[in-house]
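> Could you build all of it, start to finish, from the sequences and the hints given here?
Take 1 as the starting number for the sequence shown in UniProt numbering and just add one per residue.
Among the hints, a few may not be true.
Label-pair ranges, simulated between beta-carbon atoms [said to hold, decoys possible]: (1) Phe141 / Ala94: 20 to 26 Å; (2) Thr117 / Asp46: 39 to 45 Å; (3) Ile137 / Gly35: 30 to 36 Å; (4) Glu36 / Leu203: 27 to 33 Å; (5) Val127 / Ala180: 38 to 44 Å; (6) Ala201 / Glu69: 25 to 31 Å; (7) Glu82 / Glu167: 41 to 47 Å; (8) Ser22 / Asp56: 17 to 23 Å; (9) Asp47 / Glu184: 27 to 33 Å.
Since the hints were made in silico from the structure, they are not lab data.
Keep in mind that this is a model prediction, so the values were computed, not measured.
Glycine included, each C-beta is placed from N, C-alpha and C at the ideal position.
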Amino acid sequence: MTLIVEFEIATPILRRTVDAVSRIDVEEIYQSATGETKLICWVYGDDLGSVETAFDDDDTVRAYTRLEEPNGHRLYSVTLSERGQSHLTYPTAAEYDIGYHEITVTEDTQIRARVPTREALFAYRDVCHEKDIPFRIQRIFQESDRTGDRYGVTDRQREALVVALEEGYFDVPRSTTLTAVADELGISDQALSARLRRGQANLLRTTLRDGAPS
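And the structure:
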């Protein structure tokens with residue numbers, strides 16, 4: 001039975017940056033065509049004027065681009081430095097078919113993930129220890145025990161999918177645009193696109209590849 005695991009890791013990635021703000025939510029992790037690792041992330045805090053100075057001082061960040069600034073928070077594309085990439089555990093998660101649902105950086109990095117087996121979880125934990133990254137499990141659930149995760153999607157992914165469906169984004173031909181749905185949700189086109197892709201991937205994994213939950 002697939003597991004939903006909530007755990008903390010003490011990684012240096014974005015550590016100096018988050019000290020200047022209150023919270024960072026990582027929306028997406030991907031590798032560019034040139035092999036660089038990039039994060040799409042939301043930054044929250046009372047004084048966002050200091051965040052870009054913090055990025056400049058953060059040795060896990062090589063470059064960043066501000067994408068959006070709605071309602072008092074900011075969306076950034078962040079390119080990790082060589083040091084940042086060396087502490088990244090996402091490739092290991094992908095190797096063991098572990099899917100990140102939510103990543104929140106505060107004092108530590110909190111991750112909620114979908115894990116196929118306990119063996120995969122322990123293998124991931126061992127790699128964290130090899131990288132000298134402290135790892136602590138907070139909670140483990142059977143996937144079927146979490147109503148909100150019944151189809152493997154987070155609340156934000158579910159909201160995006162439902163609004164896109166109701167507005168006709170998935171119709172053929174489409175009745176609305178990505179921009180219109182993004183405006184409805186109060187987020188950028190890029191953030192919505194990432195949220196829909198991750199939500200659809202999680203949904204397909206839990207229904208087509210692994211079988212629909214009972």
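> If a hint holds in the structure, say so; if it does not, say that too.
Hint check results:
| no. | hint | in the structure |
| --- | --- | --- |
| 1 | Phe141 / Ala94: 20 to 26 Å | 22 Å, holds |
| 2 | Thr117 / Asp46: 39 to 45 Å | 42 Å, holds |
| 3 | Ile137 / Gly35: 30 to 36 Å | 32 Å, holds |
| 4 | Glu36 / Leu203: 27 to 33 Å | 29 Å, holds |
| 5 | Val127 / Ala180: 38 to 44 Å | 42 Å, holds |
| 6 | Ala201 / Glu69: 25 to 31 Å | 28 Å, holds |
| 7 | Glu82 / Glu167: 41 to 47 Å | 42 Å, holds |
| 8 | Ser22 / Asp56: 17 to 23 Å | 19 Å, holds |
| 9 | Asp47 / Glu184: 27 to 33 Å | 29 Å, holds |
Violated hints: none; the structure is consistent with every hint.
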